[in-house]
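Peer 1: Each chain, written out:
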Amino acid sequence: MEWETVIGLEVHVQLSTQSKIFSGASTAFGAEPNTQACAVDLALPGTLPVLNEEAVKSAIKFGLAVNAEICRESVFERKNYFYPDLPKGYQTSQMDAPIVGPGWLDIQLESGETKRIRIHHAHLEEDAGKSLHEDFHGMSGIDLNRAGTPLIEIVSEPDMRSAEEAVAYLKKIHSIVTYLGISDGDMSQGSLRCDANVSVRIKGTDELGTRTETKNLNSFRFIEKAIQLEAQRQIDVLEDGGSITQETRLYDSERNEGRAMRSKEEANDYRYFPCPDLLPVAIEQSLIDELKATLPELPDAKQERFQSEYGLSAYDAGILTSERAIADYFEAVAKAAGDAKLAANWVMVELMGRLNKEGIEFSETPVSAEQLGGLIQRIRDNTISGKIAKQVFEALWNGEGDSADAVIEAKGLKQMSDSGELEKMVDQVLADNPDQVEQYKAADEGKRKKMLGFFVGQIMKASKGQANPGMVNQLLNKKLG
Amino acid sequence: MHSKTLRELADGLDSGQFSSEELTRHFLARINEHNPTVNAYITVMEEQAIAQAKAADARRANGKASVLDGIPLAHKDIFCTEGVRTSCASKMLDNFIAPYNATIVEKIATAGMVTLGKTNMDEFAMGSSNETSWYGPVRNPWNTDCVPGGSSGGSAAAVAAGLAPASTGTDTGGSIRQPAALCNLTGLKPTYGLVSRYGMIAFASSLDQAGPMTRTAEDSALLLQAMAGFDEKDSTSLKRDIPDYNATLNDSLEGKVIGVPKEFFAEGLSDEIATKVRDALAEFEKQGATLKEISLPHSHLSIPCYYVIAPAEASTNLSRYDGVRYGHRCENPQDLADLYTRTREEGFGDEVKRRILVGTYALSAGFYDAYYRKAQRIRRLIKQDFIEAFKEVDIIAGPTSPNPAFGIGEKVNDPLTMYLEDMYTIAVNLAGIPGLSIPAGLVDGKPVGLQLIGKDFCEAELLNAAHRFQLATDWHQQTPAAFA
Amino acid sequence: MAVGPSEIEKIAHLARIRIAPDQIDEVASRLSDILGMVDQMQAVDTSSVAPMANPHDATQRLRPDAVTEPNQRDTFLAIAPQSEDGLFLVPKVIE
Chain U
1 MEWETVIGLE VHVQLSTQSK IFSGASTAFG AEPNTQACAV DLALPGTLPV
51 LNEEAVKSAI KFGLAVNAEI CRESVFERKN YFYPDLPKGY QTSQMDAPIV
101 GPGWLDIQLE SGETKRIRIH HAHLEEDAGK SLHEDFHGMS GIDLNRAGTP
151 LIEIVSEPDM RSAEEAVAYL KKIHSIVTYL GISDGDMSQG SLRCDANVSV
201 RIKGTDELGT RTETKNLNSF RFIEKAIQLE AQRQIDVLED GGSITQETRL
251 YDSERNEGRA MRSKEEANDY RYFPCPDLLP VAIEQSLIDE LKATLPELPD
301 AKQERFQSEY GLSAYDAGIL TSERAIADYF EAVAKAAGDA KLAANWVMVE
351 LMGRLNKEGI EFSETPVSAE QLGGLIQRIR DNTISGKIAK QVFEALWNGE
401 GDSADAVIEA KGLKQMSDSG ELEKMVDQVL ADNPDQVEQY KAADEGKRKK
451 MLGFFVGQIM KASKGQANPG MVNQLLNKKL G
Chain P
482 MHSKTLRELA DGLDSGQFSS EELTRHFLAR INEHNPTVNA YITVMEEQAI
532 AQAKAADARR ANGKASVLDG IPLAHKDIFC TEGVRTSCAS KMLDNFIAPY
582 NATIVEKIAT AGMVTLGKTN MDEFAMGSSN ETSWYGPVRN PWNTDCVPGG
632 SSGGSAAAVA AGLAPASTGT DTGGSIRQPA ALCNLTGLKP TYGLVSRYGM
682 IAFASSLDQA GPMTRTAEDS ALLLQAMAGF DEKDSTSLKR DIPDYNATLN
732 DSLEGKVIGV PKEFFAEGLS DEIATKVRDA LAEFEKQGAT LKEISLPHSH
782 LSIPCYYVIA PAEASTNLSR YDGVRYGHRC ENPQDLADLY TRTREEGFGD
832 EVKRRILVGT YALSAGFYDA YYRKAQRIRR LIKQDFIEAF KEVDIIAGPT
882 SPNPAFGIGE KVNDPLTMYL EDMYTIAVNL AGIPGLSIPA GLVDGKPVGL
932 QLIGKDFCEA ELLNAAHRFQ LATDWHQQTP AAFA
Chain X
966 MAVGPSEIEK IAHLARIRIA PDQIDEVASR LSDILGMVDQ MQAVDTSSVA
1016 PMANPHDATQ RLRPDAVTEP NQRDTFLAIA PQSEDGLFLV PKVIE
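If you read the sequences in order, they're chains U, P and X. Every letter in the first sequence is one number past the one before it in this note's numbering, and letter 187, counting from 1, is 187. For this note's numbering, add 481 to where a residue sits in the second sequence, where the first one is 1. For this note's numbering, add 965 to where a residue sits in the third sequence, where the first one is 1.
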């Protein structure tokens, strides 16, 4: 029997506003517990919420980026449940009239095909605090710094059919929100997290199977693993003649295990109703138009432009536009270098390969775009060879010089292109190896080519790799005639 | 000194007849003497009051005093007062020392007024008799066997007994107007959004509104002036210019049309009250106004509608009382569930629990449309009734409450009968419009209230009509003999 | 609408209020009375009436995105029932 996995994602994106969605407390990450939880965040009696303008604008920008209708009168509702990290006993969220209506985005599959994933809606809501489970005499500690941080929750349709598609979708969301500048997208700090609704069915059938919801996945890798694990679990259960229970699950990344959540076993009745402390948010067309005009070039458009403007392949353009920082960096390198293809190659292979190997974020790159562009220029004008260029890159990476030129100068890596000097060097090598010259002259055309390499190698050795290989070849051919 | 109006006290301070400190000490002494009988105060702020009074005297000596500077008042214990217990008359908040001031507490302090203390009330403002307070019932100064009305019963009794010259109250379904009626005061519920709700402990957010409780309409205008105004901390606060309420108090009533809803004189209204209210209406005719019978066809639905919307909002407004961050926590909670359920069982009184349960039910899956959504639709019909009526009339007038003060214990075990006490006041909250209760006579020594209802933001019109009425009558000058 | 003991238990659980077993019947009867009174609403056809959440049908004002609240942790923790190391303490949270 062939099974098909059906996945829908609920992605929570923390908006990078200065202050909280309903209060003037700071949203900065990493503060001492409860130092950024004000009277409103603590739900002190009598406190009231006032909506942050920037949170609304961020949500609208997101809606525009995913081709969605913006709700002109969106409503905040209370989602009622008791939890120690939820001070009011309800989460202020949206249900009936979310700010972002149905939309879509395209993901690229490994096959190179494009797949459209529909977005059901996206709404604004407040984040909860955190429960810390270290042992406080058998109790839990509550930190409410995060309570009230603005979130948009993006709810997809169940359009994804594999963990890889889910990851591609999530990466697309990540790139859109970071391009828009509405979130830092930092998954390690919880700025982007997701709940995965997973069900399986026999391939070819239309009806959806019973789904489970795996909560709080916060890395691309965990999401992929958790979905694969859960889909396989469901298949195993069904193949053993069992049935799937609709439940909320947790994924333990350390053990690569999933389990049902104990605290959410009971069916909740959230009693959503319009929050009487907040009024409907009227959004004027003029505001939508104004925000539309300020939207940056988004990943899809940028990818297309990179293909047409720089002649890059779809694959390369896709990698270089996956993050706004990478795209901006690449364009700066290309401009400084004057050769986009060479720039693309250096950014993707040398720079990103190295960053990846060392586990460094792109934003933390030690080599600036200007430095890399300058380096490529020296390759293009034959000042250095490709091989020497890697040495220069290494030196720039280690901070051994301000620019490629400075490194080349300091280390004396300049390629030898002075024909007089090179000629002397060639003559010396030929004079030092009379036997080989004899053999060469006696050999036929086929063998000569091979033997030429010996002389080139000797000259490169003598020049410490700085001889211009093209010129060396020319000279040898002339001399050995 | 204790039977003077705010206006008279302001004049007395101005002319140096007495200082704020003397005035404050006088009221504190009266509180000491009479509060054990009346139980109007939960917390008396003696030290702070004297310090505030001295500061006010110093300002006056420097010639920097504003009109209300140095005059004492009492705050309903629903308003957060920094550093002072703010209990909402609930065991849940008996140990809650508010870490901040409500906006109106700030505004009134800015006006220079001296806070005598925090007044008793129905628990979380849920009640019409002040019998649901965890601190015990308040007694009506006109008859101490009777209730003062509620929920702002302590605020009403304090002024009626001469334990404060004025007080603040809140009104969700009649909680300022009904106790004002039962205690012979002038009580104003302003238009929803006129007075900030920030720092006022929420009962039903879309209905709650704070207002002044005073002896006269003139005082009401003075105190409203200090309370009203836009607050950026309250999303439901409305940005608009606040008129000079004093400036129009003496305007003529000639040509005004006063609508008398026939539904307010139907079944349920006691005969004596009907007579007193009709007498009062005749006084307006004497002043040149015309009376016109009108209909508010959906008014019979205001109690059912209110008892869905108010409990629904309350049920979630009161979810924050969970024993985690402040307030009561049960002893030795075994686990989280135990912490929540036992803290809330112990911390809330019966009426509060009842309303939380009703509200939870009305919002729960399967009942939401039939109850909450339905009530919101009815609410629009009720508002529409008023909009229609105000096309023909300037003010609507009728009784504030169907009965005079009733005996303590008489209705407390019969919630449905108790709810009827607010049958004429609730629609005003649902519509968000202003309502004012003024003294209109006595029945068997118990006060009767006349209610004046206005269009959105027409407080000045109501205060003008009330002031003209008070110039021609002396009901508002009557005080209970036992507290002379 | 009459509510029975099992419904009361369900609502009480949602509201996290413990009701002593010997009081459930009385609470059920009180609630039934109130809901019965409230049911007067059902006689009115409101199908063409829009729900009214706010008496002025007003719309939300937006606040500029600025940090205005200082750290007041010590003040707030001082009124907490139980706290340690800057945290509010509760019986162990089990996920």
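Calculated from the structure, these hints are not laboratory results. Some hints here could point you the wrong way.
What the hints assert, rightly or not - Straight-line C-alpha distance at most 30 Å; calculated DSS-like pairs for lysine-lysine: (1) P:Lys-892 <-> X:Lys-1057; (2) X:Lys-1057 <-> U:Lys-215; (3) P:Lys-714 <-> U:Lys-57; (4) P:Lys-714 <-> U:Lys-79; (5) P:Lys-767 <-> P:Lys-743; (6) U:Lys-387 <-> U:Lys-172; (7) X:Lys-1057 <-> U:Lys-464; (8) P:Lys-572 <-> X:Lys-975; (9) U:Lys-292 <-> U:Lys-387.
Peer 1: Are the hints correct? Go through all of them and say.
Peer 2: Structure-based check of all given hints:
Under the criterion of a C-alpha separation no larger than 30 Å, the hint pairing Lys-892 of chain P with Lys-1057 of chain X is inconsistent with the structure, at around 44 Å. Distance check on the hinted pair: Lys-1057 of chain X and Lys-215 of chain U sit about 20 Å apart at the alpha-carbon level, within 30 Å; holds. The hinted pair formed by Lys-714 of chain P and Lys-57 of chain U meets the criterion: a straight-line CA distance of about 20 Å does not exceed 30 Å. Distance hint between Lys-714 of chain P and Lys-79 of chain U is fulfilled; the C-alpha atoms sit about 22 Å from each other, no more than 30 Å.
This hinted pair checks out: Lys-767 of chain P and Lys-743 of chain P have alpha carbons roughly 21 Å apart, not beyond 30 Å. With a C-alpha separation of about 36 Å, the suggested pairing of Lys-387 of chain U with Lys-172 of chain U is violated against the 30 Å cut-off. Proximity of Lys-1057 of chain X to Lys-464 of chain U is assessed by CA-CA distance (about 68 Å); at most 30 Å being required, the pair is judged violated. The straight-line distance between the Cα atoms of Lys-572 of chain P and Lys-975 of chain X is roughly 25 Å, inside the 30 Å bound, and the hint therefore holds.
Under the criterion of a C-alpha separation no larger than 30 Å, the hint pairing Lys-292 of chain U with Lys-387 of chain U is inconsistent with the structure, at around 47 Å.
Checked against the numbered hints above, the structure violates hints 1, 6, 7 and 9; every other hint is satisfied.
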